[in-house]
Each structure stands twice: as structure tokens, then as C-alpha cells.
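Enquirer: Here the protein sequences line up with chains C and Y, keeping their order. Counted the way the numbering used here counts, the first sequence spans residues 1 to 365. Counted the way the numbering used here counts, the second sequence spans residues 1 to 694.
Hint data in this document are derived by calculation from the structure and do not stem from the laboratory. None of the hints are false.
Only pairs whose alpha carbons sit at most 27 angstroms apart, straight line, appear in this in silico DSSO-like list of lysine-lysine:
id : chain 1 : residue 1 : chain 2 : residue 2
1  : Y       : K5        : C       : K71
2  : C       : K133      : C       : K71
3  : Y       : K326      : Y       : K473
4  : Y       : K102      : Y       : K121
5  : Y       : K5        : C       : K140
6  : Y       : K5        : C       : K293
7  : C       : K133      : Y       : K5
8  : C       : K230      : Y       : K51
9  : Y       : K576      : Y       : K589
10 : C       : K185      : Y       : K5
11 : Y       : K386      : Y       : K301
12 : Y       : K38       : C       : K230
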Amino acid sequence: MKTFRTKEQFDEKLFFCYLFILLVGLVMVYSTSSIIAESRNGSHLYYFSHQFLWALMSLAVIYVILRVDLKKLTIYSAPALLLTLVLLVVVFFMPIRNGAHRWLVLGPVTVQPSEIFKFLMICYLAFSLSNPKRNITNLKQLLIPYLPLLGLGLGLILLEPDLGSTIVIFLTTLGIFFLAGARMKHLMLALVPQITLALTVVFVLGYKKARIINYLQSVEDPLQGSYQLKQAVLTLGSGGLLGTGLGDGRQKLFFLPYPHTDFIFAGIGEEIGFIGLLVLLSGFFFIMHRGFKIAAAQPDRFGFLLASGMTWSLFVNIAINLGVVTGLLPVTGLPLPFLSYGGSSLLMSSAAVGVLLNLSGRAVK
Amino acid sequence: MKRTKRERVRLGVLFVLVSCFFTVVTLRLVHIQIFLSKTYSQIVERQSSGKVAIPAERGVIYDRNGQLVAKNVFQATLYAYPDDKKELKQVAAYLDDLFDLKPGTARSRYELEVRKFRYIKRCLSESLEKRVVADSVPPGLYLRYESQREYPFGPVGKQILGFTDIDNRGQSGFELAFDSMLAGQQGWADIRRDGLRNVFRVKESALVKPVPGQSPVLAVDWRLQEIVEEELMLAVQKYNAASAMAVFLDCNSGDILAMAHYDPNENNRDKPTKLRAITDQFEPGSVFKAFTAAGLLEGGKVDFDDSIFCENGQYKIGRRTLHDDKELGWLNFRKIIELSSNIGIAKLAVAYGGEKLFESYKRFGIGQKLRCGLPGETSGQLMPPKTFSPYNIAALAMGHSVAVNSLQLAAGFAAIANGGELLRPKLLLGHVDENGYVVGRPVKDLIGRAMKAGSTDSLKAFLRGVVVDGTAKPVNSKVVTIAGKTGTAEIPDLENRRYFKNKFIASFAGFFPYERPVVAGVVVCEAPHPVTYGGYTAGPAFRRIAERYTVLNPDQFITPERLLVENTHRLDKTFKVPDFIGRDIRQVKDIAEQKGVKLRGTAAEGTVVWQFPPADRILFETDEVLVMVASPNKKNEFVMADLTGLTVRKAAALLNYLGVNYTIEGNGRVVNQSVRPGENINDNTSCRLKCRPC
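Please construct the entire structure, taking both the sequences and the accompanying hints into account.
Expert: Have a look at this one:
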């Protein structure tokens, strides 16, 4: 066994791909937000300048993560996770924004504890599941201590309410358990009751049944869907093959909702067209590919779980956002990693990349 | 150490999932961005673009002489559109100050809100506009100029024209009736708008250009209109009348030359909603005897030499008794009309027969709308009685149990004057086309023949007799020969279903000049007192109107054919006569050359002492301005000017100024003058002008 533990060595391709997407994100945040920023905040640079600062901080975070020994640090992930749970409670005492208690306001900075929770959860699971004494195939060991921890965290996030993050974290952890070797029937146990419950609620009790049926119709014809979905696909469609040109999108003029956050992918698609999106998608796919490759090359179970967990988590985020924007999934508010405006999302996605880069340095050559 | 097989397999499974997902998303994008791109782009185009109306300019209105009687001016409108709270505050504070409001009230009074359009004041007064322009108004408050109607003659003719509202839409009168013609068609411009429906960009060129409204030329002669309105007011004051109204028509074409009423108690004279000359109907009384006489003459049943006994003023007919004002004895037909004998006309009418008489009234348009084109015109009332009993026939013959409006009376008298043709009263002569030509040559609109041409001559002579030695002696004028008929009818008391004992409608309807009638009209006074007779109240008012119009308009009575519309002049090629008086002739020539005004003067040097037409009159390019020049050393000596080619009116104006006696032979334009141009003029100079129509 030969491992390299050099701080200088890391997956450069991954880093540059990340940097590329980050820069595209900055440009597109400016393009899609400038008019809204001008109208709401009096300065067309309002969102861009914030995002620019977050991007710098993200790079700093990556730099820091590259210089630490993750295996040692993850020992603290359990207490940190407990602290985050406290923050998730504190959130409820914060003023409501956009109809939800998602944000922790610390002066000028707002933080989304659910993002931190997601990140720490992956670290904690990697740390905990890589313990050789833990037999994951045993249901009892699978349920305790993860179920109460996860249940509590997800329950709080769901109550914020933030269905998008709940689903992302749930699917992320499910993926990690799968990778860690949990039995399929146990995993089904986690999945089937939820789905049955959801179906019962929707179709038997009729809760939001119309919305679900509407969603099913809208997959076939997105114009039949909600206003947001309709505007999103119209935005994408009007971009066509080559796009309207940078800055020339029309839909960001208050037609497309959240053009610089949740629906930025549509806004980008309008201006740079299908070709541009294909490049971006390739970038995302490349990050996934590198992530999995790094995971597969890890010398230990901890590294494997951490790398694949981070990659998987990024994927779930990206997948749900793209699914929503292209009308494949029902609308849930979720930012697109690296591209959407928003500090917490950018920082945590970047941290995930940072972790991957860190782990790439200890990959088995 | 590589990962365990299970780990690698499971990682592989997830990677397959990831790959599948990216494939699905890519295919979805192909579908949306490539196959549906065109459709979606169109929808996006539709929702982000729109049209905005561009207002069309309202047509202006000319009178028959080309005078502008309704025009458009741009007036400032103040509106607010504050962009943010800061602007809102400034705007509110400024408005508080501008309108001297208690600080803080403007905001609620004008319901100011951020990014909301609010009119503050439309049609600002001039002083306010100046102040707003002078103050640099805070951002968020703006001036915009909107087209508004202005009537250069003020209240004159307003009853015909009506008025427009603040959005320039016709509300009454001509402005309302011909609104669609005047309004034109608004144009459209493409705009872009955002999702909040804010317009943020207007494309450079209009999609559809606005079509300006047509500019009509009215038949009305504003000079006569002004005279009529003045005289009606004077008549009301002089004869203590409750109100007065009048209609004057060109009896040969049916053109409405003037129409007005005056009621001292009328409110809102600026915005008249009613033209009583066409809306108010009344029992005409004796004036109506003219139509009865027309019917009798048509029937050919009256012998002009036969005398009828007028029963010395009392005549029992059926169960009722008819009265005459005076105790009249034996009268022939002509005298019956001249002296307006109720008994005489009743006897003739009964002998003639009610049905036939009734038919002849209908031929005069009584009981029918004449459709002059203005809103609110009434039809009058002419109902056949249940039986044509002698009393019913007599009442009808005297102008009772029938109702007419002033326009009908005027049109009826116009028919008598023009040889028996009932013409539709015409308000519109045509319109000015885009090149400035007057189009729509007037054709007289014949409703029907009221009587044979042969019969009208006798009737006209009778009506002239009414003025010369009948009931309308005060109407007899030295200036113009007037013919007509008086009427003095009791006003019905509708509440008590009887007539007022001491309230009368006094009227005079007629035409002038008698020999070759040009104008027919009617003046009606409501309840004058103590003098109640039509011949002594409405009659003199009619006379003054006729006299003033004749004096003002000598040409028209010589060559009635010469009308603006028939000359299809370019209206835009007009000029305003400059003021030359007091200037040196050389300077005047320079000015004239600059402005393209043709001059006709009497001397090469000296100072201009007189000009015709006077300054500020609007003339056509082809018209000349006549100037009289006094030579510097001989102040009061003048030489004769070249008068050939001038209209009689201009030539007469010049000769009048010089104090030269003159005679005119023929009509039209001067072709020959007995005093040569350049000859000195003294007090005894007499000049003979030979004229020929051209």
C-alpha cells in the first residue's frame, strides 16, 4: 500500500472544472439578477457582489480543507452534528423569510443550517460507518444511532419547512447506506413505507392530489404546469440551440421566477442555448465522474464513504434542481450547486469539492 | 488496497444512475430547446411584447369662410410616477408646496404610491405650468403635453359645436355627432414589457401610424353666428323675453348659416348640451299661416280678387269663437295674410278642406325630422285630428294644435323663398383632405317639392306685404328687403291644460333680400313683455340680423355662388394679413415679399395709411392686400388705385375710405373704372365701376 499524503497534490482536472462552473455561475448570476437587483435593491451589482464574496470564501474554504487531515477532523463530526441540531431549533426563533424559517441571521450574514447539517451528516456517516466494529447488515445497528439523529434532523428541516433539503438529505444518506453495504431489504424498509405513506396521503386522503395530478400532466406538456414551471420551460425553449446571447434573455424580466437562484439553469439556457447547457452538464457530469473515481481509489473505507457520499450528495442536489427546471420533477425550491445565487449552498457545495480534492491527494496510485 | 467488490459494484450502480439521469436531462433539453424551441419562443415573444395606442390628432373645424372655429392646443398635464420611496417623499413635499396644502396632505390626496402612475392635474393653467417648468420639479413628477380642444371664437357657435371632454372625446353638438369623423384612428406602437407588465421599451417605429381625424368645413358662417348670438341677447334684454332662439339658412342650398339660442338663466354656457333651435318645439301661431297660404295657393282655389268678410273680429265656428286682434271687415287674400286675420284664413281653409291642407303641411316638412346631423333634433308634431271639423281645420290653419321647431320653420320659409324646394338643412360642406383641399362639393339635398315654383312668387309678394304694410312694419329695412310673417302664439300651460293668458311665443320667419332671396330664417322670442307681438319683438331682431349681415357681406348678396368650398382653395396656403399701417411703403413691400403677400398700392413712396383687409385677417395665397399710401409731402391727397380684378367688396371698401361716390354696374369683379388709376381724387370725384362675374 502506497499513499501520497502531500498537500500540493490534488485532482487538478476536478479543480479546474469546478472553477469553470464557478465562473460561469458568477457571470450568469450577474446576467440573471442585475435587473431584479436594480429594481429591488437599487444596484445592479447587488447580487453579483454578494455572490462574488461567497465565491472567494468558497475558494478559501477549499484551501483550508486541502490542508487538514479529514480523518482526524471527522471525529468531531458527531458533536458538530448535535450543535447543528441546536441551530436547526434556533432557526425557528428567527424571523420568517419567504414564508419559512430556513435562515440563521447573524448580522449581515445569513446561514442555512440545513446545508451544514447535510455536510456534517455525510462526514459523520463516513466516520461512523467506516468503524470496523459496526456491522451495517444488522438492522439494529443500522437503526441505532442513525435513525433518531436523522429523524430529528430531517423532522426539523421538514418543519421549517424545506421539503427540498429534506428529500436531498434523505436520499443522500440512503445512498451512503447503500454504498456502505446495507442490505437492500433494509433500505427498502426505509423507502417503501415513506412512499406508501406519501401515496396514501395524496391519493386516498386527497392532500395536494390536484397538484400531483397536475404534475403528472405537466411532465408531458410543461405548459400545463404551474406558472413557475411554464415560465421555466418557456425560458429554456426560447433559448433554442444557440441561445439569445449573453445578457439578452427576456424571461428574467420578471417572467421567470427566481431567475438567479432556483431557476438559474433555465435563465442560463435562454442566453447560451442548448450547446451552452450541454457544456455545463458535461462539467457537472465530469465532477460526478471524478468524484466516484476518487472514491474508488480511496485506501480506506472512510475515504471511500466520504468521497462517494459527497459526490452523491452533489448529484442529488443537481438532479433535483435540473429535474424541477426541466419539468421532470414537481417544483421544490432547491438551489443548483455552484451556479445558483446563495452563500450557504455555494459554500457547502464548494466544501464538498474541497473534500473530494483533499481525498484525491490520498488516493491510491 | 482497492475497495471491496461490493463497494465497487454499489458505486458502479450509483454511477449508472447518475449517467442515466444526465442522459434523460439531455434528451429532455433536446426536446425543449430544439424541437419545441420555435413554439416556446413565440409564446415568450407574445408575453413580453405588446401594443400601445398612439393617439390620433383630432380634426380641426372650419366655418364656411375657412375660419378656424375649433382647433387643438397642447396643454400640460402634471403626473407623478415616483420610482422609489425617496422620490415619493420629494414629490409629495413639492406638491404640498405647489398647491399650498397642509404639509403631508398631497400624498393621500393624490394617492401617491411608488411605481404607480397618478394624474396630479390635467390641463394646467398657464401660470402653474410656467411655475412647474421654472422650478426644477423633483424626479418622479413629470409634465406631459396632451392635445386639448380650443375654440378661437369662445362661446360663439358653441351650441352648434358642442364640446369635448378632457380626453378629447365629443360630448355634445357637432363634436359628439361627428366624433368618429373628427377623432381619426389611433395608431399602434410595439412595446416590450416585463413580467410585472411594466412597459420598458417602445420600438422606434410605429406599427400602425395614427390616422388624424378629418377636418370638416361647416356650412355655418361664423360672422353671422356672432351677429345672431349678439342680437338674440339684445332682444332678450330689450323685450324682456325669457329666452330667444334663431335659425338662418341659405335658402338656395339649405346650408345652415347660423343657429343659436340665448337664455339668460342657462348654466354652463361653456359646455352647452342642447341647441334649442332644433330641440325645442312650440306652437307656431300665425307664422304658420304662410304654410296655410302656400297650401291654398297650391290648390288654386283662391281668387286673389275675392274679398272675404272677416266678421269684425269675432266669428263663431262650431261651438267656439275665433278672434282677430283688430275688427277687420272685408279683406282679400293678400290682406288676410298681411294683417294676419285668423277669421279670414280660417274661412278659406275650411272652404279648401282639412285633408288637403294637412298634406301640404307635410310637404313643408312639418312633423318630420329634417336630420340636419346634430343630436337631439325633434320632429315637431303634426297629428291628423280625429275629424277635420271646421274648428280643427281653422286651428291648424292658424298654427295651433301643431308643434314645430325653429329649424323646421326656417326650412319651410327657405322653401318658399327658393321657389318651392324643401331642402335638407346642411351643417357640413365637406372636409379638408390631407393636401389641404376642401373636398366633398356640396350638393343640395332635396327632401321634396313643397309647392310649385309658380305659386311661390305670389306668396313671396304677400310676405313682402306683411313687412311693408302688414303686421311686421318694424321689420321693414332700408338696407335690405325683407319678407316674412309674424307670429304671436299663446304658450300652453301644461300643468293646467290650458294656455297662459299673458305669455306668448313671438316669432318672425322670413327671408332676404326679397328680390333674390339668399337667406331664410326665423327669430323666436319666448314670453316677451309688455310688448308681445312678433312683429315688434322678434321681427326687429330679425331685421337687425339681416341688415348687419348684408352690410358685412355685400359680395355674398351679389354673387352667392362664390363660396369657399366651391373654390377648393388650399386651406393651408393661407396667410395672416400683416399690419402695414404706419409703415413706409418700401418696408411694406419688403415684408410682403418675405411673406409672399401680393400687394396692390397707390404710390411708390410714402406711408401706408389704410389697408384692406385689416391686419390679422386670414387670406388665401391668391388674394391681394390693398394699401393706400399717403405721399410724404401731400398728406391728404390721394390718387386712384387700379381697381381692376378686385372684388366689388374690396373696391367698395377702398372707395368708401377715400370718400369717393361710386356706382356699380354688374357684379363679380371690377373690369373697368371711370376714374383712371393715378388720377388725383378730390371731394367731388365720382367713380363708375363696371363689373363682371368671373
